[in-house]
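Generate coordinates for the entire structure from the input sequences, incorporating the hints supplied.
Protein sequences appear in the order of chains A and B.
-6 is the number of the first residue of the first sequence in our numbering; add one for each residue after it.
470 is the number of the first residue of the second sequence in our numbering; add one for each residue after it.
Errors might be hidden in some of the hints.
What the hints assert, rightly or not - Derived EDC-like pairs: lysine to aspartate or glutamate, alpha-carbon spacing no greater than 16 Å straight-line: (1) A/Lys76 with A/Glu87; (2) B/Lys794 with A/Glu109; (3) B/Lys483 with B/Asp586; (4) A/Lys29 with B/Asp538; (5) A/Lys20 with B/Glu537.
The set of hints was computed from the structure by calculation and includes no laboratory data.
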Amino acid sequence: MPQNYVPIFIFIAFIAILIPVTLLAAKLVRPDNPHKAKLMPYECGIDPVDSARGRYTVRFYIVAILFVVFDVETIFLFPWAVKFKAFGLFGLVEMLIFLAILVVGYIWIWKKGALEWV
Amino acid sequence: MQSVESFVVVSLIKSVIAVFVLLTAVAYSVWLERKVVGHIQNRWGPTRVGPFGLLQPLADGIKFLFKEDITPPHVYKTLYIAAPMLSVIFALTSISVIPIGNWVTIAGVHTPLQITDVNIALLIILGVTSMGVYGVALAGWSSNSKYSLLGGLRASAQMVSYEISLGLSLIGVLIMAGSFSLRDIVDSQSGVFWGFIPRWNIFHGQTVAFFVYLMSAFAETNRVPFDLPEAETELVAGYHTEYSAMKFAMFFMAEYANMITVACLATLLFLGGWHGPIWGLTWMQAVLPVFWFLAKVFCFLFLYIWIRGTLPRFRYDQLMAFAWKFLFPLAVANLVITGLVVALRS
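In structure tokens, the structure reads:
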């Protein structure tokens, strides 16, 4: 029933008000003495060298791409799983073919070394 | 059919109670963790504030409120302030669809023991919890500090990797139950087989899925042995290095609220929800299901803390290899076998 979803939004609205109010309340009561040393980026007490926007390894991008591929597959499996008994044998065979194609791709990715973190 | 006003009022009252209970539970799971880890390491844990240190969470809360909140000038201020709020809002939202018991009638209002009963509850929880990665990634990026950036990146990569295994481990349960509704999933686990073993999914065909879920859930919530994003000894605190006072507390609350959500979900999906032995008087029969549910959640939380006190941390390459080369194939195999067995039975 659609009206069952309304309480979720009421709940979100409630915490979306509560959380900023807490932050504001903290702002009213807390001390505020900024100091040059306090405001430095934390690097264990040493003056920061270089910008924090350095380069980082390309592996993170590969993980992001792999995530998109395999998460779409997971989402595709969810409705199938819920209607599993209604689909019967046809649904099972269909999904086994889908998974087989996916596993071939997975093995290819593994062989290519995309899963290695070096 | 109740009127619109009473519907809104009832939902609001339930929301307030849920938030209050959840935040108290969060505060006391921090206390429990400090106490249990303390005893595991042959220390006492908090003892000074109140009996057994029971008022410690309250003292911590007051301290967080009165601490100086340093917003360094080098951060991207909008995102820097939004990130902890996003984290905690997403972490709390998922509790809104979690049922803790059957329907009850209080003061003439017939209502489920949850904020709302929707038939796609599991999808909502998965959607909302996966939004949590935004809080972490934005915090790491907007802090404009090396430790934060690295922590945020690590956390995002880890959370998205383990999310796949987490999703796949639930599919076996969905095949068995045939519904996204958490109530239907719990109902599908009622009764016993072989005379005495409860038909909970963990005993009834989904044992492997439970362990896949367990490991993915630990990684999703950035807990030991997968606490790479925070890794105190190498990254200081990871994505929340530059945060202090209330904003830091919000990341903390988000982490523990996520733990509680994960524990509730494990209970509902694998441990039979509120099913358990029920006997005695009428009021006991009403209270016992809720008690069983909370007891199971507590056991799961205790497991979290126990493991934190026991295991060392993974290395990052081991962490990623574990997700992609071990958990993913295991989850797919479990899904295929579950499908085949259920198809053969019917």
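Hints not upheld, ascending by number: Nothing - there is no hint that the structure violates, so all of them hold.
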